[in-house]
Each structure stands twice: as C-alpha cells, then as structure tokens.
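Enquirer: Take the given structure of chain A and dock chain B to it, following the hints.
There are 2 protein chains.
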Amino acid sequence: MTAPDDPLVIFTPSGKRGRFPAGTPVLTAARQLGVDLDSVCGGRGICSKCQITPAYGDFPKHGLTVTEDALTPWNAVEERYKSKRGLIEGRRLGCQACIAGNVVIDVPPESQVHKQVVRKRAEARQIVMDPATRLYYVEVAEPDMHEPSGDLERLERALSDQWGLAHVKGDLRTLQMLQPALRKGAWSVTCAVYHGDGLGEARILHVWPGFYEGSIYGLAIDLGSTTIAGHLCDLVTGEVLASTGLMNPQIRFGEDLMSRVSYAMLNPNGAAEMTRAVRGAMNALVEQTAAEARIAPELIFEAVIVCNPVMHHLLLGIDPVELGQAPFALATASAQTLWASEIDMRMHPDARIYILPCIAGHVGADAAAVALSEAPNQSDELMLVVDVGTNAEILLGNKEKVLACSSPTGPAFEGAQISSGQRAAPGAIERVEIDPVSKEPRFRVIGCDLWSDAPGFAEATRATGISGICGSGIIEVIAEMRMAGLVDAGGLIGSAEQTGTSRCVPEGRTHAYLLHDGSAEGGPRILVTQGDVRAIQLAKSALYAGARLLMDQLGVESVDRVVLAGAFGAHISPKHAMVLGMIPDCDLAKVTSAGNAAGTGARIALLNSAARREVETLVTLIHKVETAIEPRFQEHFVAANAIPHASDPFPRLASVVALPAVAFNVGGDRGDRGRRRRAS
Amino acid sequence: MTAPDDPLVIFTPSGKRGRFPAGTPVLTAARQLGVDLDSVCGGRGICSKCQITPAYGDFPKHGLTVTEDALTPWNAVEERYKSKRGLIEGRRLGCQACIAGNVVIDVPPESQVHKQVVRKRAEARQIVMDPATRLYYVEVAEPDMHEPSGDLERLERALSDQWGLAHVKGDLRTLQMLQPALRKGAWSVTCAVYHGDGLGEARILHVWPGFYEGSIYGLAIDLGSTTIAGHLCDLVTGEVLASTGLMNPQIRFGEDLMSRVSYAMLNPNGAAEMTRAVRGAMNALVEQTAAEARIAPELIFEAVIVCNPVMHHLLLGIDPVELGQAPFALATASAQTLWASEIDMRMHPDARIYILPCIAGHVGADAAAVALSEAPNQSDELMLVVDVGTNAEILLGNKEKVLACSSPTGPAFEGAQISSGQRAAPGAIERVEIDPVSKEPRFRVIGCDLWSDAPGFAEATRATGISGICGSGIIEVIAEMRMAGLVDAGGLIGSAEQTGTSRCVPEGRTHAYLLHDGSAEGGPRILVTQGDVRAIQLAKSALYAGARLLMDQLGVESVDRVVLAGAFGAHISPKHAMVLGMIPDCDLAKVTSAGNAAGTGARIALLNSAARREVETLVTLIHKVETAIEPRFQEHFVAANAIPHASDPFPRLASVVALPAVAFNVGGDRGDRGRRRRAS
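Listed in order, the protein sequences are those of chains A and B.
In terms of this note's numbering, the first sequence opens at residue 5 and continues consecutively.
In terms of this note's numbering, the second sequence opens at residue 5 and continues consecutively.
Honestly, the hints are just simulated from the structure, not real lab data.
Be careful, since some hints might not be right.
Beyond 10 Å from chain A on every Cβ pair, some chain B residues (computed) [unchecked claim]:
| hint | residue |
| --- | --- |
| 1 | 112 |
| 2 | 134 |
| 3 | 183 |
| 4 | 270 |
| 5 | 365 |
| 6 | 441 |
| 7 | 527 |
| 8 | 561 |
| 9 | 614 |
With a Cα cut of at most 20 Å, we get these calculated SDA-like pairs of lysine to any residue [unchecked claim]:
| hint | chain 1 | residue 1 | chain 2 | residue 2 |
| --- | --- | --- | --- | --- |
| 10 | A | 405 | A | 188 |
| 11 | B | 173 | A | 343 |
| 12 | A | 173 | B | 269 |
| 13 | A | 188 | B | 173 |
All residues carry an ideal CB built from backbone N, CA and C; glycine is no exception.
Excised from the complex, chain A in its bound form (with noise of 0.2 Å):
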C-alpha cells in the first residue's frame, strides 16, 4: 500500500523510518514500524499517552526539509485535551496527527512503554518499564439477546480485537463488578491485566468504568530479619512514590535466622507465630507506603518480595524447621506466584505476589535479587558484591561464572545490637568523622544536607532530633574511631588517658566513646560502647569470612570490583567498610556502594516482568557455596576479627593482640576472643 513518493516519517531517537501514506496517523505508522510508543486508549485521544514532537527545519543527515505542514493541523481532540489538562509546546497527540509530508518525529520518553527509570549508579543494570500489570482502555459489544454471550466474553473479545491479548481470562472479581462498570462506562471500561501467570494466559484484575485517569501501583519488598523495606512504585511510569521500612516484629523470636528456627523447633505453634507476625508486618508496610504515597492501598495490584530463605518459608506458612539442619533442604527453590491473599496481605483483593526464586537453603531470593540488579553474571571483571543484612548475601564472579553464599553477620550492621542502634530514619545518625588530632566528631544525620558542626545544624534537625545511629553510621563512626586512634586493631576502646580525650568514657569495666551528648535538650547521649565495637567486629567477621570463602573457591587472592549494598537505605561508606576491613582488598576507586540492592532487585522484578524469567534462568547458574559446613569459613571468621590500620596509635595496647602480617587477611585475636567467651 505504500508508494515510493509518500512521505518519508523518521523516528528518533530510534532512528526507525519509513514511508506512509498521507493521512496516516502517527501512532499508526509508529505501530507499523514497532517504534515504542505508548497508547491505553487505542489511538481514541483520551489517554494522552501517545504524546511526540515534531521536529521541523532541515535534517541534512537525513537529506530532509520538513515543513510546518508536515502533519495534519492541530485538530479539535487535541485542542480539548489541551485546554482541560494542558500539554506542553509543540507536542502533538500521535493518534490525532497525521502525515501530510516528510517528517521527523521525536518520542519523549515519557511516551515510550519501555522506557527507561533512573538509576544513577553507571555501572548499574538500567530498569526497563516492562512490568506484569498494564492498563487497556477497550470499547466493548453490547449484549445482543439473539446472539448471547456473557459480557466477560465480549470484553475478551475487545482485549483481543482492540489489543491482540489472547487468552484473557477474568478473575472472580473481575466478574463481580465487570457488569455496572461496563453500563456506567457506557460500553467502554479500562481494564487491569496481569500477565505473570506464565504459559501464556493473562487475567482481568479489575476494570474501571471508561477511560481509568489514575495509575497502578506495585510494591517492592525487601524482607529482611531484621528490617523490611518497601518501595511503592507507580507501574506506569516507574515512579518510585514512597520508600518505607519497619522493623521486622519476628525479632522478638530471635535476632538471627537460627534463633528463630530454633523458636520453630521448641515452640508447638512457633512458625504459625513468626508466620502470623511477619505478615501483620507485610500489611503495616503496605499501609504505610500507601499512606506515604497517599494512594489507596487497594491501587497496588502487585508485590515483588525477596527475603533470605527463612523468612521466605516463614512468610509463606511453611515451617523453617528443615532450613536449620543439613542438608538444609528447601520447600522449594522456584519462584512463586500467589495471589496476596493466600499470604494475607491486604492489597488490592487480586493483587498477584511474586516471589524471586531462591539459590539454596541458605542463599535465598534476596541474593538471587541483589544477583539480578547488580549482574555480577554480566561482568567483564572480577565481582564482589556484598549485601549487607542481619544475613549477608555474598555473590563472587563474572561473566564465566558466579558463586553465592550467605554468611550470619547478625544484625549489628542493621542497628539492632548496637547500643545507641536504630533504623536509618530521619534523626539517626549515618555520616561520622573524627578529627585525628582533637578527637572531636562531626556527623550528619538522616533528614538534613548539614554537618553537625555548620551554622544552623541546631535548628535543622530540631523537627527529628538526634535519635541514634544507623548502620551505615555505626561502620563509620567504628573505623572513625579506629583512624582516630581511639580504638586498637584488637577493638578495645581507650581510656581518655591513653587517648588523651575526655570523649572516652568508662563504662563498667571497659571505655566507651561518647559521639553526641543531647541531654542537655532532652535528647539522647549517643555512645559507642565496647559491645557496639565487639558486636560490628563479629559481624564484619563473618561477612570477611564469607566473601574469603567464595575467593577460595574460585582460586583468586583479590578482586576487581566490589559493590557495597546494604539492605536499608542509607549508603556504605566504601572507605570505612575498607578501614574496618569488612571487605577483601580492592583499589578504593573501584568500590561502590550500591544501596538496597536487594530492594532494587525485586523493584527491577516488578517492573519489567521478563527480568522474572532471566533471574529464574540466572539462579539456576549460580554455584552457591554453603558457609555453614565450610571449615575454613570458621577459619577466615576467627582470623579476620581485628580491624587493621596503617598505623596503629597506641601500640601498648595493640600488644595483646598478634599485629596482621597481611593488611586485609590476617588478624589473630583468639585471646581477646577468649575474654570474650569467658566474660560472656
């Protein structure tokens, strides 16, 4: 149908082209040459979606000269959309815009359906809108008595003739409020479909009477032991609207995975408890996001979690009793499809959960998350991506390969065992430095751009207040501590005698280092405590050790890259995370901190639903490595307890323990460990 003199239409930025004839719609001839851009309405100009930007002048790259008349005339469908909802200059509607001549046509990228959510990071994987839930807007027969067929099967009909959607089938209560919906939209209605439920079928999850104006949610989830934290995400755009976290209330079982099976094995109704606890958890997250979002939660028609596998078969009803013992075998390792309710959680009433698949009964859909956003599958180099939670998730490889393990830091890096511990929330302290010389801090906390000692930090922070340290906070303000000469590589905290600050309180029989004293206005005196020291020194221990195993395995003595993660919120300091010695030796440059990588996993996993089937393929792949049968993993853990440092400033202290050899791989401080067990 096309002649080699209709215009020419040139898309960018992809670059696509090819000829129409005149009178074609934009959308029309972007559909033709499978250029992305978006549409819910179906070219009916409601929707807006369609949005593009003639570019007019000459294009001699392309040997063009377009012309002000190169699509059709600014028409009255725009005009009404305009004057009621406004658009910017020189867009056009692409289903009302035809072409009259050669042009060339700009895509938004708010217009495209792929497009692309920010990530800042440049060596991180980008996040491609593709997600499971969608909107349809569709025009639908009406009932005809002589040729009878029930008004879900029409609306089928429209999905598939307007959409090309088969198999197309509605849920239960779809079908409950499918037959006002289609009688108040007069014949039209804008449809929800889920198309996650794998072997090609889809599912009407809710219809709107006509044209939906609003948007859809999914929440994104990272269940940790410790905390659980969620992103509220808009599934059309990407958006992410709320992020949100709480403690996890199975705390009280035990602080640590092991405990809490162990509370499953002693206890009759234990796991049915823990179950019923973290769901209540799940569902005050997705209150809060929601309310934070202020969107109601019945809009969130998806939730993505990952979790370490405990907490995956707690979650799911399944007693962890197995996951405590060797072999460690799972109930399952695949991902899981549910719809909330069977979890209880109170979403949309047909809202869909997809639970990332786990690697082994001790790496879980949290490491096979942090695999999925951080690719270490994809890499040229040596990767060491190290999540840090209550459980560690420890991932080692490149391209030719991959290794996981899980290792049990517990949950001082978390802010639980930590003395003046909280989660990172507005108030909590997460930037510390400690000037070598005086000794005196300065910090920032969550919620102001300010240092502590900046004009008009004091009334910046007066609406959160200082309430204590986050994890990242806590890692800092130890290896602060440790440059600053106030802590030996053995972790004892100096008295202010031998370190010559008033700072260094006692403390019982041991010293403490007081960062922030708010009695005096009511507030908290925040102060690292000798068991804050010893509890980050067993924590970084294991993660060492961990990441030591995984190197072992693989047969290298360095690697090329690491990537910090940490399961809430605020970022690790890679500096820090290197004096404390939490991580093999790497060029400090080519350390990053990548935030929750784990939450950004599963954020990934809800909106582009292909990344479901590549990291369901991708766990597959992974080699995983089983640190609690690993004797050398109780090897590198006994050994990597000192925190090394350069130059050492009260050697006399440092005298009970064996100095390292080695900067990052040797620590030989049994004796102190000893007192330890002893004292304990």
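Expert: Frame of chain A; chain B shown alone:
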C-alpha cells in the same frame, strides 16, 4: 528387543496382544500395549490397583494353550498383600507376576483406569472414569547440599520421571505440608494432582506420607432455585457414596427466579444476602453428604456445580440484576474453574470448583448439564428433554441441531406451593394409584417398597411416618384424580356428591381430596386441594408451552422421544406426565424418566474431565430460545391450562370450560384463569 519366539500375551477384554521377553512384568506389558490397567504406586506392589486374572487352558480362537507356568510363581509381595488385605482367588498383582510363556490375561473392570460407572438406562450416556484429580505414589530423591534444590522441585521431577506428568506445580498449602510428609514417608509420598487448570498445567493439591490407603472424593451439585441436590462420588471408583439434598434457603427471598432478581434490585444488599444464604446451604450440603458417606469433608477435592443463570450469579457473588431485564446479559457464559475458598466452600482447603458453562441469560449450566447427560446432540431421533424444576430446562433436537429454552414453571413440581408438598425424602408419597370405581387411593412412600394397601405397610413406615407428597407424587395424584373422575378438564375438584366419594371434602368454597389421614396416629392429614391442582396446572402449562415453542422453532408437530428429568430425586412417571399434559404427544413407550439429569450431567463432568471440554463446546452449538420475549410462549401457556383426558366423568362440571379439541395441545380455560386472577 522383542524376538518372534518371545511369549505371546493377549489381554482381555481389549484384545490387545504382543510378544514380550520372559520376565516382563504384566503391568509393563500392559503399558506398552496401551492396555487400560490401573496403578497408583507405579508397580511397587503397594496399591493392588493392577490386579489381573490369568486364564489357563486352550484358547482355540487365539491358537494358544496357556499352561499354569505361563506367569512367574506367586511371590512374597503378593503373599504379603493377600495376607494383609485379601485377594480374590485367581487374581495376581500385575506388577509382580511376570511373563514366562504364552498367556491370556483378563483385566477385571475394577483394575481399569477408565472404568465405566454404572448407569441403568440403556439409552443414557455412560460415564467413563477420567477424573481431573488423581492419586500418584512417588519416591522422591533426598536433598543434597551440594546440588541444592527444593523438596517440591524434586517431587515435581519424580512425578515427571515416574508418571510422565509435566508442568506440575504445588499449591501453597502443598508446600506447607510437603516437608514433614516426605520425611514421615521416608521420601515417598502419595499426591493428589489436579489436571483441570487448562493450558497443560497441573497442581498438587495434597501430599500424604508414603502410600495413601484411602480415597479422594468429589461432589456433583445440582443447585436449583428450590432444592439443592448433591452426589458424593469416589473419584477413584466413580461410586456414588451419598446422595442428599436440602431446600435452597434463598426461597425466603422469593420462590421463583424473577422474584429473587427483584429482591436484589429493591434491596441495597439483597444480592449479597442471597449469596451468603446459598453459600451457607452449599456448605451444609457438603457437611451432610460427607457425614452420610462417613468421610471427612477435607477429603472432597472437587465439586462440580450446575445451576440456572440466576443461581449461578448469586453463587458467584455477581448481582443478577441484568438477568431480570432484556437483553438478559450474563456476566459470563464460560465455564468457571475456581478455588472452593473463592466462594467460601469448606471442603479440602485447596479443592477446585468447576461450574459448567451457561447457554444464555435464561438457559443455564443446568441445561448444559442436561444436554451433557442426555446427549440430544448425539441422537438420531428427535428428542425432547424436559428437566422439571422451579425453572424447567427444555432441550429439543437431534444430531443436526439442538434448541434450548428455560420455562418458569415455579416450584410446584418440587413440592413447594403444594399444601402437603415436601421434598423427596423418606416418608414422602412418591407413587399414587386411585381406583376408578371406588375412588380409594393407594400409594407408596420413599423408603418403603410396599404399597399402602399391602400387609405390613404400617409397620414398615413406622420409622419414617407419612409426611407429605414429593414432586413425582403430586404429578401422579393429580393425574390419577383426573383419570378417576375426581377432577374435570378445567382442573376443578368435584364435591363428594359429584364424585361419589366422601374423600372429596369441602375446603372453603372449593373441594379437596383426602389422600391419607394419619391424624389417628398423630400424623398429618394429606389433602390435595384445589390450590394444589391450580399450582400444578400453571406449572405444567409453562412446561408444555416451552416445549411447544421449541417445536415451533424447529417446525415440527411431534417428537420421537421424550426424556423426563426431575431435579429432585424421585422419578417422574411418564404415563402420569402424559395424562397431566406436561409434555407433547408421543408414543408412551418412547417416554422415559431420567431422574436428576442435571445432577447426572454434573456427575459426568466430575468423573470425566474430557466431558468438561465437551460441554464447553456443546453449549456454543445449542441454539437458545428466549421464552420471555416470544409472544407465542404466552399463547401456548394460556392454551395449555386444561388437563385433557379421553373420557370425562362428570361433564356437568366440564361444561364450564371448553373441552380440548385435540388431546394434548389445546385447552381453553381463559375464563378459569380470569377467575383465578380475581381471587388472588
């Protein structure tokens, strides 16, 4: 691998034959030949489903002599099985007995997978066992820490390797029970697998440790406007273990469908109230049938439901308002597969519900079930099928074409609106004869094989009593009253003086016939009142008019065969139905009674999953006629009010109405109907 001199094995009754090396188990040979020999344990000598009977001696037809050593000797597994559970003399276990020489092997019916379920009527469709939910015994690989995989994934692999089942997934509740079951069963389990989700996917609904000795059950439900009937079937043998029924509690919202639709229109929560009521009744039915069969309701894994469109929508929680007005649009016409929990039914927690497709807005899944059961679409003769209920489902057709309609008969045929009416239960009068000379009645009640004038009747009915008249009894008594000259063609009951019997007693301004007086023993006086006759006249006129309307549409004046089905239990007498004028003229020998055909259709769909696909296609081929908008329906209805009978005994009464010109298709009692309207 087979050599020409290998032993020849012939299976009966299939006649399948082949040569197999000596030592081949009979079960293996059967499978290779495609012989229908059951096995749940996969040939491990546990389930005994593969019992066979070797035949010895001369088989001239096959040119074979079978000697006693044609199979390997009776072995220890068989001996253990026989001593523990018993085995019919001559039987062997097909998985244990191996071929040793030429042999003829009979597969008894109970060892066939696709065994036929007994149905009495020769012309009725046979039911072949092919249920959607089946049991499989498997041995599952133990977990291996070095090759991590979930227990579910290893179970899935076992089902694939040992049973050839691909794409089997586990429901969440299966996951919750899987790990203890595998360990308790020493890595063997029996699974109930549901194959009905379409698109090739199957789901594990339950796992039992080791070999599960019990059976699993399904419920076929005919959900009528007035009565609900359930047949509890063994999903392995097909046996009906309990048939029970109860009144539809929605009757308090309106006796017929249109009054329930009105209730939904006039009351804000009317539809929801009726949904709650019917779901409650469904649960009562589940409990009642399970109790009668002495099984736990949790062993019911499937239910198949048939019902009219209004009950369909109310059960599913869909407001039926659209069904009350043209164009009578269904929310959905398609078959529904749901979890029992979606409609609040308490059976096995993961039980599936299958609801047959509807044909049109007034022709429901019950009509589809009647079509499935009575199969007019497979008939050479022109068949009329009437399923008598509060709404009568009427089908007319043959191999060429099938028409269907639904006619609003009201609940009289089910014993409602009848002064002494009751549902078909022990104590209900179901058969009646009235002596034409003495005008004395005799009758039979459900639960007793004796006629009321037989010696020992009083004794035999002492336990149940004589409580009322069920639907088939009402039809008989009024037809007998007409034949005995107690009722005239217009439907008036004569006085004692007119009829010559003191059983005709005055009742207000009309008369009633005293069928049974139990008052001396504290029982009821069972009368047939003028109101009863009027109710039956209205019901039978509607039924007749529906049948005539279909005949008009097809352009025929007579039918070859009539099948009378009653929604509730007892069988309708063809002779009495003819006398009453319920059905068009037909050779009495060609009129048969089918019992609850809709319920049978439900049972077919329960026991044979291929029948579900069949009925889904069948409904698209049935041409539906809408009685509510056909003016000829009203004409036929009015014309059919009289009760024709060749010899009218008291013409002085008959003179008030016009006598029918042709026995079965004309009556002219407009005057009578007019009076009735004034009276009401």
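Enquirer: Going through the numbered hints above, which ones does this structure break? Give me the numbers in ascending order.
Expert: 3, 5, 10, 12, 13
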